[in-house]
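Asker: Residue numbers (the working numbering), protein chains in the order written: chain A, 1 to 255; chain B, 1 to 255; chain C, 1 to 255; chain D, 1 to 255; chain E, 1 to 255; chain F, 1 to 255; chain G, 1 to 255; chain H, 1 to 255.
Read the hints as simulated data drawn from the structure, not as lab findings. Check each hint, because a few of them may be wrong.
[What the hints assert, rightly or not] Which bits of chain B does chain C cover? Going by a derived footprint, with three or more residues having C-beta under 8 Å, they are:
(1) 6-19
(2) 193-205
[What the hints assert, rightly or not] Heads up, simulated EDC-like pairs for lysine to aspartate or glutamate below, C-alpha to C-alpha not over 16 Å straight-line:
(3) Lys59(G) - Asp160(B)
(4) Lys178(F) - Glu20(A)
(5) Lys178(F) - Glu21(A)
(6) Lys59(B) - Asp160(D)
(7) Lys114(C) - Asp100(C)
(8) Lys178(D) - Asp160(B)
(9) Lys114(A) - Glu76(A)
(10) Lys97(A) - Asp119(A)
(11) Lys114(D) - Glu76(D)
(12) Lys114(A) - Asp127(A)
(13) Lys114(H) - Glu79(H)
(14) Lys178(E) - Asp127(E)
(15) Lys178(H) - Glu20(D)
(16) Lys59(A) - Asp127(F)
(17) Lys114(C) - Glu69(C)
(18) Lys97(B) - Glu69(B)
(19) Lys178(B) - Glu76(G)
(20) Lys59(D) - Asp160(H)
(21) Lys178(B) - Glu20(G)
(22) Lys178(D) - Glu20(B)
(23) Lys178(H) - Asp160(D)
(24) Lys59(B) - Glu69(B)
(25) Lys97(H) - Asp127(H)
(26) Lys97(C) - Glu69(C)
Think of the CB as a built atom: it goes at the ideal place given N, C-alpha and C, for glycine as much as any other residue.
8 protein chains.
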Amino acid sequence: MPNRYLDILQRVAAGTVAPEEALLQIGQAPFEQLVQGLNLDKQRGLRTGLGEVVFAQSKRLPDLLAAVESLYGREEPREPVLVTRVTAEQGTALREKFPDGYFYEQGRLFALGKDLSLDPPWIPRGDVIVVTAGGADIQVGMEALGTARFFGLNAGFIPDVGIAGLHRLLPYLPDLGKARLIIAVAGMEGALPGVLAGLFPAPVLAVPSSVGYGVSTGGYTALAGMLASCAAGIAVLNIDNGFGAACFAAKLLNN
Amino acid sequence: MPNRYLDILQRVAAGTVAPEEALLQIGQAPFEQLVQGLNLDKQRGLRTGLGEVVFAQSKRLPDLLAAVESLYGREEPREPVLVTRVTAEQGTALREKFPDGYFYEQGRLFALGKDLSLDPPWIPRGDVIVVTAGGADIQVGMEALGTARFFGLNAGFIPDVGIAGLHRLLPYLPDLGKARLIIAVAGMEGALPGVLAGLFPAPVLAVPSSVGYGVSTGGYTALAGMLASCAAGIAVLNIDNGFGAACFAAKLLNN
Amino acid sequence: MPNRYLDILQRVAAGTVAPEEALLQIGQAPFEQLVQGLNLDKQRGLRTGLGEVVFAQSKRLPDLLAAVESLYGREEPREPVLVTRVTAEQGTALREKFPDGYFYEQGRLFALGKDLSLDPPWIPRGDVIVVTAGGADIQVGMEALGTARFFGLNAGFIPDVGIAGLHRLLPYLPDLGKARLIIAVAGMEGALPGVLAGLFPAPVLAVPSSVGYGVSTGGYTALAGMLASCAAGIAVLNIDNGFGAACFAAKLLNN
Amino acid sequence: MPNRYLDILQRVAAGTVAPEEALLQIGQAPFEQLVQGLNLDKQRGLRTGLGEVVFAQSKRLPDLLAAVESLYGREEPREPVLVTRVTAEQGTALREKFPDGYFYEQGRLFALGKDLSLDPPWIPRGDVIVVTAGGADIQVGMEALGTARFFGLNAGFIPDVGIAGLHRLLPYLPDLGKARLIIAVAGMEGALPGVLAGLFPAPVLAVPSSVGYGVSTGGYTALAGMLASCAAGIAVLNIDNGFGAACFAAKLLNN
Amino acid sequence: MPNRYLDILQRVAAGTVAPEEALLQIGQAPFEQLVQGLNLDKQRGLRTGLGEVVFAQSKRLPDLLAAVESLYGREEPREPVLVTRVTAEQGTALREKFPDGYFYEQGRLFALGKDLSLDPPWIPRGDVIVVTAGGADIQVGMEALGTARFFGLNAGFIPDVGIAGLHRLLPYLPDLGKARLIIAVAGMEGALPGVLAGLFPAPVLAVPSSVGYGVSTGGYTALAGMLASCAAGIAVLNIDNGFGAACFAAKLLNN
Amino acid sequence: MPNRYLDILQRVAAGTVAPEEALLQIGQAPFEQLVQGLNLDKQRGLRTGLGEVVFAQSKRLPDLLAAVESLYGREEPREPVLVTRVTAEQGTALREKFPDGYFYEQGRLFALGKDLSLDPPWIPRGDVIVVTAGGADIQVGMEALGTARFFGLNAGFIPDVGIAGLHRLLPYLPDLGKARLIIAVAGMEGALPGVLAGLFPAPVLAVPSSVGYGVSTGGYTALAGMLASCAAGIAVLNIDNGFGAACFAAKLLNN
Amino acid sequence: MPNRYLDILQRVAAGTVAPEEALLQIGQAPFEQLVQGLNLDKQRGLRTGLGEVVFAQSKRLPDLLAAVESLYGREEPREPVLVTRVTAEQGTALREKFPDGYFYEQGRLFALGKDLSLDPPWIPRGDVIVVTAGGADIQVGMEALGTARFFGLNAGFIPDVGIAGLHRLLPYLPDLGKARLIIAVAGMEGALPGVLAGLFPAPVLAVPSSVGYGVSTGGYTALAGMLASCAAGIAVLNIDNGFGAACFAAKLLNN
Amino acid sequence: MPNRYLDILQRVAAGTVAPEEALLQIGQAPFEQLVQGLNLDKQRGLRTGLGEVVFAQSKRLPDLLAAVESLYGREEPREPVLVTRVTAEQGTALREKFPDGYFYEQGRLFALGKDLSLDPPWIPRGDVIVVTAGGADIQVGMEALGTARFFGLNAGFIPDVGIAGLHRLLPYLPDLGKARLIIAVAGMEGALPGVLAGLFPAPVLAVPSSVGYGVSTGGYTALAGMLASCAAGIAVLNIDNGFGAACFAAKLLNN
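Throw the hints in and build the complete structure from the sequences for me.
Answerer: Have a look at this one:
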């Protein structure tokens, strides 16, 4: 890096760069070098399998379709594309334009070039297992499951095993004991991740869901409860961020 | 009640009460009758064993001693007195003035005329059982236990059985299954009451404790988690309000 | 409802039912994979004394109907079923499918196999009495009343006696004085439970309602006020959780 | 006002004021006129008896003494001075420097040139009556009472009549019925003002106090409860702002 | 309005009405079971000087019409009735049923038996003057103005004089200087009441309005700013509670 | 825009306009009672250098059209007018009434008498450069850009360069290094302004946008992050307040 | 499990268990089985190297010493012990009692039976690398580093590379690019984890620190910013919870 | 301060300093590992125009002294150094070690190599003028004033002109009208910046101060009020961040 500075200074001495201009160039030189490193990193990221994903929420339909088309490419071999937070209306339009795509309404996902196989019966085992506490948490759990599969993970799904019925976990003890990572989705008081972290050796990614009413509204109580949990081995995602949990898992298991 | 109004109106007619004065008397008449009913209720309350309790927090020492002396009375038969939120300094002063009193530092209680027997080993069974999640919740649990005993309840105590170590509950299953009411004290994410409510037939009074750091600070996360719990049969007290839980129990079991 | 299980066990004790037969009746599987992602916890009643109730909020219509049908059973003797947070649309669909069911729109309840008798005139007395502060709290009060009756409690109802008109309590003093438990629903500043706890020997379950505007919005002010109340013998439920208050009462009075 | 503008424009025409300068003068002209009106108002304010009051909190001792000395003046007739939020240490220093001043430690007030007569027994009647809910609210109530008296109001004091003991109000019904304004201080859930507003014709200034623990901490629950009160005729002050309530009363009753 | 009761009592004193007859006129029952769950508190006027007003928000149409009819009475002399928070739909229905009533859409008020004269041009003077900061605060200001007039106050109105244009106050300085009470409505940062309290001798009732976006959303910033104001003589109402400010004024000026 | 006033004053100084004539042109009355309750503060421009802009949000259509017409004037030379927060419906109505106006839907702006040239391709350089973090922040960025241009600023636009893709900044380093002021719009965690302030000599006006879900909801997290930033040279606007940032820039660069 | 039920039923049939007792036994059977599984899991956990750790905060000295002594054992081979949140006073007492222990004051850790080597110079590479944003975040970073080493991880440390000086990251690009997991500690606006997640393939555990003033107070702004981050591959711990991040890492890398 | 770097570059351009020599003078290493974990970012000045300032809060004394010494340099020409948030104890130690330094206790600043002249009488004019609302805001205002002067700005100071006494602004109208930037410090409701922005052409940097009690506690109400202000031309800093306001001003006026 010093060479870069010397180079600038020599141009100043040579009169080809004004001192004021040099001042700016010296100031931004480290950043340039850093973000060029970043570009290299981004390409490495592409190699690891974490391609671009389209966040459909509040996107206008033409913009959404154009974004998907651009990522998917026009010639073989095409790049698989994942779209998240897809509304029913957006899903219909995507299906119309890309008839070979898959729309998973419950998980609000649309996948192109890859079948995520999100329909039941669900396999309750894998390197990463998505566990949901209540019936209403499935939407978020599906987003995590589908994203994980899109990134090539071996992912399982165990819905509806909240702490009010802990015995429902019984049939899954062996599989959960073998997972490398557990993604636990829960609303209300958000107690499920703490219980799982106390039972199994795998660390737990906790995703609060915005399910509930009164003090549960919006998922903040679940979020705080997960952060405050006295059980060791839990880290927490933003409310409803099943996608983020799967990204964490993919970066972890694909590298 | 109409008679009372009629009485007022007749005095107006007789000229012994001015119309303006009558207006005020009529307005407040229903309230007077109501709070007189209240006085009667208070005496019934005294009969049930819920006598006056002194809240020592932020009381000046002379005021505190005077309040205790006044309640305790000067002649036999004396009324037992309970003082809550007693600091070490206040406890010393109370012991000095009332040498036959009991000071329970861990529960911040001082009792006069009644031995609350708060020292271990603790009996883990009773009509009401106080359960605490962590070691640091004992102070609040003790306040609940001592107050319950002061009000004459048959109360047990099971400390330190948080959800990170659910197996610690195993030895107490039979006793907890027979309790009429469970008081569960927990800080952090406050998940213990939900677990207990899912296991036992007794309703659970949940007391959040102000134990913790970060998002647990002050007990608000535990409070919200308890209110949001998806397990049925839980009602919640103010943070650290072990006293209030015991009062609820006493009103319930003594009537 | 626990009676059904006890009844089976008593027949086993009496020798009129073989253990193997009883096992079948109780249900071997700990839960039934009824609708996708929705486990109905039929054994929860065994553990806690309260049977499964269907929470209709945000359930899709086919899932809701299937859940009710499964719980209700297909042969006599059928299990009574309660559905809570029923929308008008859901209520109509339930009535269509189960013509002998009762839909109580004001309380957002649907009951099958049991008439909850929620129409006025209301009886202002019982072991548990539901009291509401304002006209707009009735919806929550009704949920408490109907749930209590579903669980077999002797429950009364006194609407619209907020603290701005305390004299309205006058006619009910004797009945409230005899109740074993009072459920008080209030929005705004949530002061009613504190007043009742100061007047009557029964403990008070306080339910904040989300009625109001400005700082009352969402019921948080009422919730905080109830938790902070200086009157002894109050425990608090989540906002609008009339169902939870009735569950607490049922666990208390049915055990 | 147009004259003022014309005057400016004429100076521009005459070349004695530059256009740029005139632009600023025209812009601020209305403000100048307004705040000059303000100066007149301030003098009227002085006539009404609301003189300057010194807020001692976080003032350094020399600054505090200098401020008081400057207001008190050096020659007869002197202006009475009130100092609020006086710490014990500040009070001692003030007494030392102004030996004929009065230091009311409980109300954290220091008065010079006027005896506020804050010691018990307190007179429970007056044009404005200060009512406090609990023993710990007296400090704030005293600030209101002393300030009201400093401003020349006929002010009474009724401490410790919280809603958990409404019958304590009975002896004071006639006096409260005749007051023109009630100042009600309460912590915890802050329900007292609502009860008073439901009983008496006078409007109620509600002052939340920072007394309490858990959700009461800092007085926010009392504040919200008072604002949300369903009883008509209540207006609310900042937490612990007994001084502000008395100022409102003085502006009202002295004009 | 209390005059009606006083009138009866004065006739009793004068001997033109017998006490028994008066009792019937005042109403023996402390309240009337009008619509299900909606007790109209006719005696509140006796106690507090303010008659019953109907809060239309979230009331069902038949209940609303029945409530108004009952309060209005069926024979002369009728009692004037005020309805607040009236939606356009409710207003139309009220007009249809009570063709001689007045519906003030901007203030969301409906008045029967009394013309509130809320249309411009507005008179900027009176015993109480309602001042609003921005164009969007007028709705709340109108509620205050109309309610004040309903209670018989001499009330003025000065809209749209926020602190970004203080000079707009200039024409109103004399009138504001003579008012006995100022009601100031403001959203955003809520600074208007502090400016008015610094300018005029009258105390200021501050009403935060829910106008704004970002941190202004819902009126909480205005509310806090008004409570925190360093200007003396301000008391604060709940957000958008123009009705409450007028009630305070009426209790103050009518007693 | 202040130029117009300055222009008049300079003509007065030059003797080509008489002071009395100028007075008329500037407008004698400090404000004009245009629509009911809506004072247009034409003099604000005099004081502060920024003319009146119409905030369309929650304005009724007739009021909005009247306000714009009044500001625009009826004769040449007309005053350019800007309207902000224009809905699609309002935009259509404005276009209909003022066919030569410009409606910029993405920026929710309507301009009369001035073309703001908001369509792409955008010029990434200027005295002030508006930078947005994500695709969804463009709406707020557009409001800033259009307002800045309306006030005559030389303003550039660089959208969609959030910190997850810092390398996108590389092409803009020279232009950003020469800007006098940067306006940075960001939602989510709001980190962009801190990064920019660490790289460039220009101070940064940070505008949090309400983009996001979970803890990002409403823009409060971005707001707090911007205020807390450890990078020097950042000042923050209200959430979504692109207009305010441009006003700050105009006052700065136009004076 | 059915066998267990049959066994109970057979005892009922045999008369050795009462029906009421059987009801409880059947209810708790699944829980017993689950927590017995938990015991097995706990033993597996012990094998993975995550032994018991003592949380010293608010523990009384004798209790703390006893806890450490009990875990450390009295005979060889002893179990290494880690104590977290150790105050200076506690550290001194621990050193006195266990002279071969290590007290790391900056990280508030005490280790027995294992040297954590926390003194500089720090190695900036490893499977897990702890990165801190500011000088004041070191305390939390040290807790993470020491805990990770206690659990046997190959852990590196890079302090003081906040986003205001991103170029400081330059020398560490290669090492950070090879890490399997990054732990990023940051206060203020908490932007560091988002920057790291955008640069490197490893997932990032983000730990907000309670460093700062104003809106940064207590770490909530950093916490929210980390949860809201738009960069993928971040999961968040409680404020100051460096210990928890290391536990997550240990469960991940040790299994 | 950037001048120093520019000066070096200009000498390179002039040929009086060789590029290699200049490189040494600027400093080859991008940062210096001065004290453990504390990187001093000497290049930040290059990039942003502001040199490094030492934030003393919570720094240990030896680290603080070492940091100052390193920045100050050991040979002439020395770099002026500013230290902020200096406690009395830190100030004494700094004075002892650097006897020619200036310690400004009220502004919590220590300056080396530059006299900031912060003692009264204060000059009320300059390119940037710092205005404070109350007496207690002076500490924050002083931090802004001293920092601005350290960065070479022509800065004035007008203390104690809060909105409760707007007339105090009158003498300063001309000076404030000529300022290029106003820094306004206010606690309580934070209304001062809005008033100033409505009066003067300069934009206003608003700094909320943590002065106050009740809802003012910590400065959040002032912060929100400033953000919500309806006056155009305001941008807001973190609570008590006088330093940040001066940095913004320096970046603006020095570039």
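Asker: Hint by hint, note whether the structure agrees.
Answerer: Against the structure, the hints:
1. Look at the stretch 6-19 of chain B against chain C: 0 of its residues bring a Cβ nearer than 8 Å to a Cβ of that chain, fewer than three, so the hint is violated.
2. Given a C-beta distance limit of less than 8 Å, the hint that chain C covers the stretch 193-205 of chain B holds, as 8 residues qualify and 3 suffice.
3. Simply put, Lys59(G) and Asp160(B) have alpha-carbon atoms about 14 Å apart, close enough for the 16 Å limit, and the pair holds.
4. For the suggested pair Lys178(F) and Glu20(A), the alpha carbons sit about 10 Å apart, so the restraint of at most 16 Å is met.
5. Our distance criterion of 16 Å between C-alpha atoms is met by Lys178(F) and Glu21(A), whose separation comes to about 10 Å.
6. Distance restraint check for Lys59(B) and Asp160(D): the Cα-Cα separation of roughly 14 Å lies within the 16 Å cut-off, and the hinted pair is therefore satisfied.
7. For the given pair, Lys114(C) sits about 10 Å from Asp100(C) by alpha-carbon distance, which is consistent with the 16 Å threshold.
8. In summary, the hint linking Lys178(D) to Asp160(B) is not supported, as the alpha carbons are separated by about 57 Å, beyond the 16 Å threshold.
9. Pair hint Lys114(A) plus Glu76(A) holds up; C-alpha atoms about 14 Å apart against a cutoff of 16 Å.
10. At most 16 Å may separate the alpha-carbon atoms for a hinted pair to count; Lys97(A) and Asp119(A) exceed this at roughly 23 Å.
11. Between Lys114(D) and Glu76(D) the alpha-carbon distance is near 14 Å, which keeps this suggested pair within the 16 Å criterion.
12. Restraint check: the Cα-Cα separation between Lys114(A) and Asp127(A) comes to about 20 Å, which exceeds 16 Å; the hinted pair is violated.
13. Pair hint Lys114(H) plus Glu79(H) holds up; C-alpha atoms about 9 Å apart against a cutoff of 16 Å.
14. Straight-line distance between C-alpha atoms of Lys178(E) and Asp127(E) comes to about 8 Å, which keeps the hinted pair within the 16 Å bound.
15. Of the pairs offered as hints, the one joining Lys178(H) and Glu20(D) holds, with about 11 Å between alpha carbons and a cut-off of 16 Å not exceeded.
16. Simply put, Lys59(A) and Asp127(F) have alpha-carbon atoms about 31 Å apart, too far for the 16 Å limit, and the pair is violated.
17. Distance check on the hinted pair: Lys114(C) and Glu69(C) sit about 15 Å apart at the alpha-carbon level, within 16 Å; holds.
18. Distance hint between Lys97(B) and Glu69(B) is fulfilled; the C-alpha atoms sit about 9 Å from each other, no more than 16 Å.
19. At most 16 Å may separate the alpha-carbon atoms for a hinted pair to count; Lys178(B) and Glu76(G) exceed this at roughly 44 Å.
20. The suggested pairing of Lys59(D) with Asp160(H) holds, with an alpha-carbon distance near 14 Å, which does not exceed 16 Å.
21. Annotation: proposed proximity of Lys178(B) to Glu20(G) holds, straight-line Cα distance about 11 Å (limit 16 Å).
22. The suggested pairing of Lys178(D) with Glu20(B) holds, with an alpha-carbon distance near 11 Å, which does not exceed 16 Å.
23. At roughly 57 Å between alpha-carbon atoms, Lys178(H) and Asp160(D) are farther apart than 16 Å, so this suggested pair is violated.
24. With a C-alpha separation of about 14 Å, the suggested pair Lys59(B) and Glu69(B) falls inside the 16 Å cut-off, and the hint holds.
25. A threshold of 16 Å between alpha carbons decides the hint, and for Lys97(H) with Asp127(H) the separation of about 34 Å lies outside it, so the pair is violated.
26. Distance restraint check for Lys97(C) and Glu69(C): the Cα-Cα separation of roughly 9 Å lies within the 16 Å cut-off, and the hinted pair is therefore satisfied.
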